[in-house]
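In this note's numbering, each residue's number is its place in the sequence shown (first place is 1) plus 43.
Mixed in with the good hints there might be a few duds.
Stated by the list, open to error - In silico lysine to any residue, SDA-like type, Cα no more than 25 Å apart, as pairs:
1. LYS134 / GLN159
2. LYS170 / THR127
3. LYS80 / ASN98
Stated by the list, open to error - Pair ranges (Cβ atoms, derived):
4. GLN54 / ASP138: 17 to 25 Å
5. GLN159 / GLY100: 33 to 41 Å
6. ILE57 / LYS134: 27 to 35 Å
7. GLN161 / SER50: 38 to 46 Å
8. LEU48 / ASN120: 28 to 36 Å
9. ASP58 / SER103: 20 to 28 Å
10. ILE139 / ARG64: 33 to 41 Å
11. SER50 / ASN98: 34 to 42 Å
12. GLN177 / ILE55: 38 to 46 Å
13. GLN84 / THR123: 16 to 24 Å
14. LYS170 / ASN60: 39 to 47 Å
Keep in mind the hints are simulated off the structure, nothing from the lab. We put the CB at the ideal spot given by N, CA and C, even for glycine.
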Amino acid sequence: KAITLYSEAIQISIDLNDHKRRADVLTGLSEVRRFQKDYSQAVTCASEAVEIYTNRGGLSGRATALWYLAEAHRCQNNYTQAITLFSDSLKICTDIGDRFGRANALLCLGFVHSDQGQHEDATGLYKQAGAIFQQIGNTSKWLKLQVVPLVPGNSSRNCGSNDVHIPLGDRAYEVYVLEHCSTVVM
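With the sequences and hints as input, model every part of the structure.
Below, the structure written as structure tokens:
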């Protein structure tokens, strides 16, 4: 049903010649496709949104669309592409002062590095993201970076949610939590 509604919204934005709205809708449709594990369509939608934002302006929207595109690549284990895109999103968020976007990009860069066994790099990125989430008062995401269940051997990522999912079984993250947190849920 969501895909039908997004498709109708895309057509309306085309009829109204509203490029920004079309890019916004494409970004949302990308996320729906990712939830459905239809990563090739997620990439297609997010890529089109990035192109529109690039051609029409809108740095905040471009950073968001880059993040969704990176996430779709991460879910396909296309780590080099994911790192490039998350880094591009991070740069834009830094340039425009979007601290939440910056923290989110850092967190996901940490996930990508961890997926590749680069645990020291991942830990540094988690620390940076957690510090920013705490500074901006985003207690929901900050707490998820402080209190996590540690389940050995489960390093899979949930690529079907827009929520932060702590990398269970991620040794870099476990070490960070154990060194910096007083409460760990076992």
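Against the structure, test the hints numbered earlier, and report the numbers of the ones violated in rising order. Numbers 3, 4, 10, 11 - these are the hints that the structure violates, sorted from lowest upward.
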